[in-house]
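Chains as they are written, first to last, in the working numbering: chain A, 1 to 129; chain B, 1 to 206.
The set of hints was computed from the structure by calculation and includes no laboratory data. Please note: incorrect hints may appear among the correct ones.
[Said to hold, decoys possible] Chain A regions said to be covered by chain B (calculated; three or more residues, Cβ under 8 Å):
#, segment
1, 44-57
2, 99-107
[Claimed, not checked] Below are the DSSO-like pairs computed for lysine-lysine, each with C-alpha atoms no more than 27 Å apart in a straight line:
#, chain 1, residue 1, chain 2, residue 2
3, A, K23, B, K140
4, A, K114, B, K98
5, A, K113, B, K169
[What the hints assert, rightly or not] Here chain A is said to cover these stretches of chain B; the calculated rule only asks that three of the stretch's residues, wherever they fall, bring their Cβ under 8 Å from a Cβ of chain A:
#, segment
6, 15-28
7, 164-174
It should be emphasised that the depicted structure is a prediction, and the values quoted were computed from it without experimental measurement. Glycine included, every Cβ here is placed at the ideal spot set by N, Cα and C.
The residues making up each chain are set out below.
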Amino acid sequence: MISMFGWRTKKGAALSTTLTKKKYRYACVYLQNNDGSVYSRFMSDFYGRLIELCGSIDFHKSNARIVNVDAVSKKFLIVKCKLEYVDNVLLSMYFTNYPIIILPISGTIKQLKKRIQEFLVYGDFLTDS
Amino acid sequence: MKKLVKVIDLNINLFYSEKLINFLKTFFGIDVFGMAFNGDSYISDRQKKDVIVHRKRHGAVKSFDMGESNSEHFFLIGSIFKGNADESHYNVDILTVKNLSNIKSILKKYNGKNMGIEFLVSDIKYSDNREIGKWFYNMKWIYEMCKKYNFQFILSSGANKYCELISLKVFNILLKESDIENKKYWNDLNVWLENKKRGGTFYDTN
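Please put together the full structure from these sequences, using the hints given.
Dropping the structure here:
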């Protein structure tokens, strides 16, 4: 079967998957003072902000959660969320009460790792302090 | 390729360094920075003239000090409005609003002076959610008032720490949440700043 876009699909499955596939974005924050407890406190504060600023319905829709990525320092915290709610997530992150620096968002883990490497080069004066 | 519309943060209270500027450009997408300098620490590099805007507090004489005359730097006089309408803000380029009481009388009083009305995000970064919600509402209201009375609305980070710095993306989200069209905002701010740099008269095209 040939789809309207000219792609060969298996009973339309591939086409429908492409159209309905949920897109996610990865937001990364650099924790300036990471003494171990900051991680959990930051997350509870961030979730609290997200719920109160954007509402609990949007909070659950955003599907925001922490992602553990290998070979990434503990000083960086990666939050995965749905593309449509990335603005809410960034806003809530900014208004948390912790010394964090928000890195540019990425669409893939690979791109995110690249950004973290760039951050470590350009932002060395931040990581030293 | 040269960017036509520059992203401007006119209130960064951090110690100047080349690394900071590079970092803000690369990671945060900010092109023009408003920074306060001591008399002896003016940046003499002519190439930085388009990138750095010197901020001075109201009361400082708008004459050329040693450093300024050498660097030929453009600077803006800033003042803080805390709700007292009787305070004088003549010859001020940017009025940073900390309190909204009596702001309307200030807008009426200085109508047509080509002044900028500045809102700092750092003022509410650590506030509770109720205050943040109110701040967004106030920002929209001030924006409309600025349009009505021919002032330039300015949103700045007011960063005193690195964690208070704002990226272009977050700037645009803040504007969007206040129902301010970001393209128009950046365009207007660019035009206003260019006008200030030229030192020319402000003509209201409306």
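Evaluated hints:
1. 44-57: Coverage by chain B holds here, the residue count being 3 at a Cβ distance below 8 Å.
2. 99-107: holds (count 7)
3. A:K23 x B:K140: violated (31 Å)
4. A:K114 x B:K98: violated (40 Å)
5. A:K113 x B:K169: Judged against 27 Å, a Cα distance of about 19 Å means the pair holds.
6. 15-28: holds (count 7)
7. 164-174: holds (count 7)
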